[in-house]
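Colleague: One letter stands for each residue in the lines below.
Protein chains: 2
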Amino acid sequence: MRFVIIGGDAAGMSAASRAGRLQPDTEIIVFEQTEDVSYSACGMPYNIANPDSPVEDLVVRSAKVFREKQGIDLRTGHRVTAIDREEKLVKGETAEGDTFECNYDKLLIATGASPVIPDLPGIENEGVLPLKKLEDGRILKAYLTEHNVKKAVIIGMGYIALEMADSLRTRDVEVTMVKPRSRLLPWLNEKLSDVVWKELEDNGVEIYSGHTINSISKTNNTLTVHCDDRDFRCQLVLPAIGVKPCSELAKEAGLKTSIHDAISVDRFTNTGDPDIYSAGDCADAYHVVTGKKSWVPLAVQANRAGRAVADNIFGDGLELQGIAGSAMFRVFGLEVARSGLNPYEAGEHGFDPVEITIESRSRAHAHPGNTTMHVAMVGDKQTGRLLGAQMVGREGVAHRIHAVAVALHAGMTVADFWQCDLAYAPPFSPVWDPLLTAANQLSKKVT
Amino acid sequence: MRFVIIGGDAAGMSAASRAGRLQPDTEIIVFEQTEDVSYSACGMPYNIANPDSPVEDLVVRSAKVFREKQGIDLRTGHRVTAIDREEKLVKGETAEGDTFECNYDKLLIATGASPVIPDLPGIENEGVLPLKKLEDGRILKAYLTEHNVKKAVIIGMGYIALEMADSLRTRDVEVTMVKPRSRLLPWLNEKLSDVVWKELEDNGVEIYSGHTINSISKTNNTLTVHCDDRDFRCQLVLPAIGVKPCSELAKEAGLKTSIHDAISVDRFTNTGDPDIYSAGDCADAYHVVTGKKSWVPLAVQANRAGRAVADNIFGDGLELQGIAGSAMFRVFGLEVARSGLNPYEAGEHGFDPVEITIESRSRAHAHPGNTTMHVAMVGDKQTGRLLGAQMVGREGVAHRIHAVAVALHAGMTVADFWQCDLAYAPPFSPVWDPLLTAANQLSKKVT
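So the sequences go chain by chain: A and B. Count along the first sequence from 1, then add 12; that gives the number in this note's numbering. Count along the second sequence from 1, then add 12; that gives the number in this note's numbering.
Simulated from the structure, these hints should not be mistaken for lab results. Nothing false has been slipped in among the hints.
The list cannot tell twin chains apart, which means a pair is met if one copy fits it or any two copies do.
Heads up, simulated SDA-like pairs for lysine to any residue below, C-alpha to C-alpha not over 20 Å straight-line: (1) K456 x G32; (2) K304 x D273; (3) K456 x E331; (4) K456 x G327.
Assemble the whole structure, with the sequences as input and the hints as a guide.
Modeller: Quick look at the structure:
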């Protein structure tokens, strides 16, 4: 039995490792177009912040270990260009320009996502550097040093944009964020978003929202980002307006895609072709709140789904419950976290959403070091069901969101969630945990 | 309608405040034997650590506010000594020695818990100071300064013993912990307990476990704790071997008690007498995992149950789901947290417990500041149900336990819990959250 995997990052290598453990005699071949496998892409902004840490620190498990210890036939520099489902064959091209073909019994498409590159004149200029793959991180980090970058413009407003703003400020680079839309993190509750905005400004980030970007030009070592009403000069432009699933291969092979053009898979990670699976940032997933397809390209789901592919081919089978859209990040001194739906998303999915926002504290009354914590919580007015929560604060935000994720998986009502026996100690929360205070407020407005 | 409340701390004042909001014309009378109401008892160890912060900082809402703003007839220095259920009357004595009587329509017994004082010759010596009420904190804090305490002996091994060890070390007091049993925190998994033990030693706390204490004597300013094989000299002895419910009043009135002699209440906080309710550290509660009565005297339940009493008398009624036995505390640089059952407790309640322990990391691979996190997780072998978890680590422990508490309320299996979409970002966890890694290990050993 030959198991072929296209893509050697989180989902692909999770599947490969798991398959090897479940059926050691399986022939496992991984085609990875870059030279890097199994690295922490999410760690790049933090790594880039420190000029002294090599990007290679982010490699979780080396190609050597996969090849020699796990017996996986890992072929880097191999780009798959076509899938022939009739012949059960993948075709491709190596970095050296040679072509290759390889038959499969079972195939996993784990091609990930790629950054959306804004369609701007001048986007191809040297010094306009997106960040997605480890090689991007290597190039960006070298560029910062070699070009002695003092000023950068970030185009975008997502996690990576904010994490990179933090990273570059740590390196004393002046940072300007420019974007056409008015809101920072448009999925975030407006009050919470304002807190993040202020944190960026307090840390010297200049934010120009509502500025349409027309082009980028380069003169000598200076890049200029041209907007309608003003220009921004810098040595580095980071386009970070989002990512899209790498689903072309699958589409060309006639496989279905769904929301955001992600490869459509069932709860058993299968694409509809009984021999082809998909997992990771290229594939969709069921949302535990809506029960519908969702596309949230994040690492935990990639690892879990990759593992599930191996279980579904070689093991006892693993039905995935789905994702709750949980995410967290740090930006300067703030922790930002979310799980579930915001009111807009809830409305789109037919709920009757009610949202409350509260301000609470991170520690008990009179406990030193107390800071403000902001919680936004959403419930369904008709059924009382908890639909989601978002939090911003200086401590205790990130890990608290896990409780919301679990409650969403359990389909709890807001009132049920309020009953949960969350622990309390003065250094860690008020007696009424901020999540419980929010649930209490919200429970008055639903059902 | 007259609502009489015995006890003016968390449960009592939560009920009083809520009753006033639900039915503003209710006559609410609170009898509190001390002069202090509504304070954070849990905050005392932290407050004591700082000689410059008055104990009064711990008062959450002052008697003045309750009386003048909320219209509650709050009578401090009033100790209730008897309940006459026939006459619907409480009788008592004031601090000045006067007697009083008061009729009730509805009565709440919120008498709390009191420290268990070890039955030792010499326990009455000056400088042997338990810590439970705010007045105890006031006395202890003054004693530390006035007697220039340089060395203290703590008898016990619970939260308060450990928090006070930390507090006293912060004030440069030498601390010796002495106890007859061999284990520190006997409810805690042994590997995790060893981590806590080492943290205490690393912070200069001397631990003498397995030493039976025979007596305490005092000569001049020096107290001596006499054990079988050695004596410990100090200026302060802190007995912290646990607390017991103050259920005497209820028992004398013929009300039922249950586990640990706590006042027995139903899910609607009623004692069995339709006009008498009980809440807080004096009352029992249902455990969400066992479905049976449990007694875990902690602040969140006290506040929730107090509020429920008012809802059940004056509002729409509130059925309490129960407690999960969630608790957390900080000791020096460690966070310690638990929720649910340990294997011993699980076995006692008829489960077939399996426990695993794992070591994971607090941050992502290669992220700076990474530290070790220890997780013990318990499941039922027969049903696969998650029964509990415990954690120890330097960061990210306390708020993570909330996820376990929610899962226990939802009755999740270990496999279901593993499917939960916990958020990930490099500063906050490995891609596989330590809880998910533990669930994965445990899922292999159940069902």
